[in-house]
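J.: Chains as they are written, first to last, in this note's numbering: chain F, 1 to 283; chain Z, 284 to 566.
Relax, there's no trap hidden among the hints.
Part of the chain Z face toward chain F, derived, beta carbon under 8 Å: (1) ALA444; (2) ALA496; (3) GLU542.
Rough simulated footprint, nothing fancy, chain Z against chain F, three-plus residues with beta-carbon under 8 Å: (4) 140-154; (5) 249-256; (6) 261-267.
The set of hints was computed from the structure by calculation and includes no laboratory data. Small disclaimer: the values here were computed from a predicted structure and weren't measured. Every residue, glycine too, gets a C-beta built ideally from N, C-alpha and C.
One-letter residues, chain by chain:
2 protein chains.
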Amino acid sequence: MIDETVEEIAEMQTHSSSVVAIKAARALLALGDREFPTVEEYERALERNSDALRRANPSHATLQTTQRELVSRVTESDAETVPAAQAVTEDVVAEVVDRVESAKRRAGERAAAFLEDGDTVFTYDYSSTVLEALTAAAEAGVSLSVRCAEARPRYLGRKMARTLSEFDGFDVTLVVDGAAGIFLDDCDRVMVGMDCIVEDTLYNRVGTYPVAATAADVGVPFVVVGAESKIVGGGFAFENEQRSVSEVIREPADGFAVENPAYDATPMRLVDTVVTDDAVHEY
Amino acid sequence: MIDETVEEIAEMQTHSSSVVAIKAARALLALGDREFPTVEEYERALERNSDALRRANPSHATLQTTQRELVSRVTESDAETVPAAQAVTEDVVAEVVDRVESAKRRAGERAAAFLEDGDTVFTYDYSSTVLEALTAAAEAGVSLSVRCAEARPRYLGRKMARTLSEFDGFDVTLVVDGAAGIFLDDCDRVMVGMDCIVEDTLYNRVGTYPVAATAADVGVPFVVVGAESKIVGGGFAFENEQRSVSEVIREPADGFAVENPAYDATPMRLVDTVVTDDAVHEY
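Please construct the entire structure, taking both the sequences and the accompanying hints into account.
T.: In structure tokens form, the structure reads like this:
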């Protein structure tokens, strides 16, 4: 069961943080059905399996933080029997799963408080957490203008524009990514999601860095929204994913190369605020 | 003849500076076939027609500067007879046409001197003047790596990548515009063309500003190449062209707007060097 989950995580093309992290947390429950002679052996098995799950995607922040938390909370509980340690594991898994499931919504609700009636927001890519924030704002009766950049190569901004076009009182405009410099000018803030934040770097969909650099030059605040579990410490090695060149150009590229990285690295000095389910971090 | 040229300029969708400016300069030669009672009346006709030509595209920098030069040089020649003033006009038109025709090549040759063997250059859009610079470099045996951003919405960077892929010793890579932040990192400089420079603003293909802002943040010099006649003083009102929405998205945009401006405005403080046929301007 755990081995299968390890393989599944390693192969998963989707980077939906919550799905992967929840799957991995629940995989550890398989150890609750086995017998162990001592608490120490149970903890070693927990650690070994958790390591395997984390290594299945070393650049997946929420997976890394939730697994580390699970192991340390079980170990620190100082359970006196194996069944007690297994019961603690079960409780902590349930709590972590609940937190991951609700983190997006709570981060979105917190971020919605930043949006005032009549504001203009610039957003890049399709972020389900930004969508939570805009949904919460809409439900509170806040009217917004939203400029959606298309997010080449996969045009995920079109999906954002289409989704937001259903919201009452929202005035939505789709523009090419390069038009950021023109349309940021009358925006109150940029709001984007995140893949993760590792020390002084925000990793997010390729194209985030130019939007952040332009926003800083225009003088528009740059707000990032996402689960607190996506903020990770050092020792975490983010690995960029190289996606298919056919997303960039379908015709044959004779005589030239095509590169298509999935993520870029934005220096945190260009970020003004990070809103998570736990807190508002000002930079 | 002049009226027809005025209409033609007003309708011209292409912004090829040299073609428009040369056409307008040559249109003034029509006044050489007419009779005028005094030099003053000839000069007034010249001024009136030149004004009409300039007004046909008030945001076309080379048209504005060449027309102003033509009128002032003929007026300042203090010709004593109408045929003498007409002869001066003919000489100045020939000189201006020659300069416009060769400006691109000379600006390109001057810019090529900035490129050293083994350099990596980031370029945006398709600029025939940048192409002149890269051609001159290739002819001098300089090997370069060139990163071409695709320049949405019309993907003119693909044309640049295809053209450069024919050059011996060139290593060409095509990337999406949003990938600038990743690929600028190992570039020696950015080199782009220009529509015009008006006081403290560079107008160029939409998407230039985010590249310039990112280059400044990464610390890569930003070099602009173009004819000196594209640098104009105050009083010149650049008008952005709004292009077809179908260039951004072909499917129906139900419930949301789509905007597609042709140019953006880059603050000159983000530009390090402007190379023209006349000079190298450092900022």
